[in-house]
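Chemist: Sequence:
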Amino acid sequence: MHNYQRVRDLREDADMTQKQVAEKLYLHLTQYRRYECGESEIPLNIAINIARLYNVSLDYIAGITDDKRGLTKSSLSDIETALIKNFRKLELMDKGRILERIHMLLK
Numbered sequence: 021m022h023n024y025q026r027v028r029d030l031r032e033d034a035d036m037t038q039k040q041v042a043e044k045l046y047l048h049l050t051q052y053r054r055y056e057c058g059e060s061e062i063p064l065n066i067a068i069n070i071a072r073l074y075n076v077s078l079d080y081i082a083g084i085t086d087d088k089r090g091l092t093k094s095s096l097s098d099i100e101t102a103l104i105k106n107f108r109k110l111e112l113m114d115k116g117r118i119l120e121r122i123h124m125l126l127k
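In terms of our numbering, the sequence shown is residues 21 to 127.
Everything labelled a hint here was simulated from the structure, so no lab data went into it.
Some clues are possibly wrong.
[To be verified] Restricting the straight-line Cα-Cα distance to at most 20 Å, the calculated cross-link-like pairs of lysine to aspartate or glutamate (EDC-like) are: (1) Lys44 to Asp29; (2) Lys39 to Asp29; (3) Lys88 to Asp29; (4) Lys44 to Asp33; (5) Lys105 to Asp35; (6) Lys44 to Asp114; (7) Lys44 to Glu32; (8) Lys88 to Asp35; (9) Lys109 to Asp98; (10) Lys105 to Glu32; (11) Lys109 to Asp35; (12) Lys105 to Glu120; (13) Lys109 to Glu120; (14) Lys44 to Glu111; (15) Lys105 to Asp79; (16) Lys115 to Glu43; (17) Lys88 to Asp33; (18) Lys44 to Glu61; (19) Lys109 to Glu43; (20) Lys109 to Glu61; (21) Lys115 to Glu100; (22) Lys109 to Glu32.
Make a model of the complete structure from these sequences and hints.
Modeler: Structure below.
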């Protein structure tokens, strides 16, 4: 399986359109489509963002392993799981605000 196939499978498993993913990755739809159908190699910085978006490892994206190695519920408390689940629903700007607030609280 090629890495572009995995990227498409991850998107489909997440019930997202190519347009939605392209927007989340701040890419033009045409460029994202090229990555997903294997017409263009996926640059490392984009692969990292894709891995973060789907909570999988870069090794999985690259086809090195079949283990997605995402965060598992067993390694997180219920409150941590709820925080992550809700954090993922936020827009990027709101995520930045949350991270700023966390940094302020940790001072």
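Chemist: Compare the structure with the hints numbered earlier in the document and write down the numbers of the violated ones, lowest to highest.
Modeler: When the structure is compared with the hints, numbers 15, 20 turn out to be violated.
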